[in-house]
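S.K.: The sequence shown finishes on residue 721 if you use the working numbering, and the numbering steps up by one all the way, no holes.
What the hints contain is simulated information worked out from the structure, not anything from laboratory work. Computed from a prediction, not measured in an experiment: that's the story for all the values here. Incorrect hints may appear among the rest.
Have a look at the derived ranges for each label pair, beta carbon to beta carbon [stated by the list, open to error]:
#  : residue 1 : residue 2 : range
1  : Asp718    : Asp688    : 40 to 50 Å
2  : Ser658    : Glu680    : 23 to 33 Å
3  : Asp718    : Glu690    : 21 to 31 Å
4  : Pro656    : Thr681    : 39 to 49 Å
5  : Asp718    : Asp663    : 33 to 43 Å
6  : Ser717    : His668    : 16 to 26 Å
7  : Asp718    : Glu680    : 11 to 21 Å
8  : Arg662    : Asp710    : 15 to 25 Å
9  : Ser717    : Asp688    : 43 to 53 Å
10 : Arg703    : Glu680    : 34 to 44 Å
11 : Gly685    : Ser717    : 19 to 29 Å
We put the beta carbon where it would ideally sit given N, CA and C, even for glycine.
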Amino acid sequence: MTTSQPPSPEARDNVTEHNVETRAELLPEETSTGGSADPEAQAEAILAESEERTLHPDADEGGHRGSDETV
Numbered sequence: 651m652t653t654s655q656p657p658s659p660e661a662r663d664n665v666t667e668h669n670v671e672t673r674a675e676l677l678p679e680e681t682s683t684g685g686s687a688d689p690e691a692q693a694e695a696i697l698a699e700s701e702e703r704t705l706h707p708d709a710d711e712g713g714h715r716g717s718d719e720t721v
């Protein structure tokens, strides 16, 4: 999921340097596609977007259903 707005400062603040370094290490499937020109910047962006979705979930994105929405 890509949003049109950048992650909030709160989301960016929750991304640690350790998380960026760890995520910047390529997975086997990423290695086979050639990787990234700047893996740390890409990792930071991915983690910040993920954190943004955690902090501010979009109700229209199919989050948890209420009991009245079950079969």
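S.K.: Next, verify each hint and record whether it holds.
M.R.: A quick look at each hint next to the structure:
Distance hint check for Asp718 and Asp688: the Cβ-Cβ separation is about 46 Å, which falls inside the suggested range of 40 to 50 Å. Hint check: Ser658 to Glu680, Cβ distance near 27 Å, so the stated range 23 to 33 Å holds. In this structure, Asp718 and Glu690 break the distance hint of 21 to 31 Å, their C-beta atoms being roughly 45 Å apart. A hinted range of 39 to 49 Å for the beta carbons of Pro656 and Thr681 is inconsistent with their spacing of about 28 Å.
Checked against the given bound of 33 to 43 Å, the beta carbons of Asp718 and Asp663, roughly 36 Å apart, stay inside it. For Ser717 and His668, the Cβ-Cβ distance of about 39 Å falls outside the hinted range of 16 to 26 Å, so the restraint is violated. Distance hint check: the CB atoms of Asp718 and Glu680 are about 41 Å apart, inconsistent with the given range 11 to 21 Å. Between Arg662 and Asp710 the beta carbons are some 23 Å apart, a value that agrees with the proposed interval 15 to 25 Å.
One distance hint, 43 to 53 Å for the beta-carbon pair Ser717 and Asp688, holds here, with the actual separation near 45 Å. Here the CB-CB span from Arg703 to Glu680 is close to 21 Å, at odds with the stated 34 to 44 Å. For Gly685 and Ser717, the Cβ-Cβ distance of about 45 Å falls outside the hinted range of 19 to 29 Å, so the restraint is violated.
Going through the hint list in order, the structure does not satisfy hints 3, 4, 6, 7, 10 and 11.
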